[in-house]
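Asker: Sequence:
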Amino acid sequence: MGKVHEPLCILDENCPLRQMFDLVGDRWTSSVLFVIGEDVKRYSDLQRQIPGVSKKMLTQTLRRLEQAGLVSRKVYPVVPPRTEYRLTAMGKSILQPVTALADWAVKHQSELKVMRKKHDAKE
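So in full-length UniProt numbering, spot 13 of the sequence shown is number 13, and the numbers just go up one at a time.
Worth flagging that the hints you see were computed from the coordinates, not collected in a lab. Just to be clear, a hint being listed does not mean it is correct.
Mimicking BS3-like on lysine-lysine, the simulated pairs with C-alpha atoms at most 27 Å apart in a straight line are [stated by the list, open to error]:
hint, residue 1, residue 2
1, K117, K92
2, K74, K56
3, K92, K122
4, K55, K107
5, K118, K107
6, K107, K117
7, K122, K107
8, K107, K92
9, K56, K107
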């Protein structure tokens, strides 16, 4: 098992755990990381391949990932403008632990469904 971190660390904005959870813990980040993966993706590809994401949320997510150094963006000076996104080396490195979480979710999907049904029944 990996290093055990002080639980209260995540309350500190300088804590690397908090920074990581703040970055990948939102609704769209992992989807964007998965869809880009090892490929180069155009904005329209991302929009098409991520069901339910609005243009606003996709743009905000891409900007946040670019600011964090996980995604690079290349804009081509053509009409209409063409923009491509790819994972940086750091973005590729975070894909492995995010994929591990996805594998965990697949492995435990039946238990997760049961828990969700129980929760929904209470409400």
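Asker: Could you run down the list of hints and mark each one as holding or not?
Answerer: Results of checking the hints against the structure:
1. K117 with K92: violated (35 Å)
2. K74 with K56: holds (19 Å)
3. K92 with K122: violated (40 Å)
4. K55 with K107: violated (32 Å)
5. K118 with K107: OK: K118 and K107 at ~19 Å, within 27 Å.
6. K107 with K117: Holds, at about 18 Å.
7. K122 with K107: holds (25 Å)
8. K107 with K92: holds (23 Å)
9. K56 with K107: violated (32 Å)
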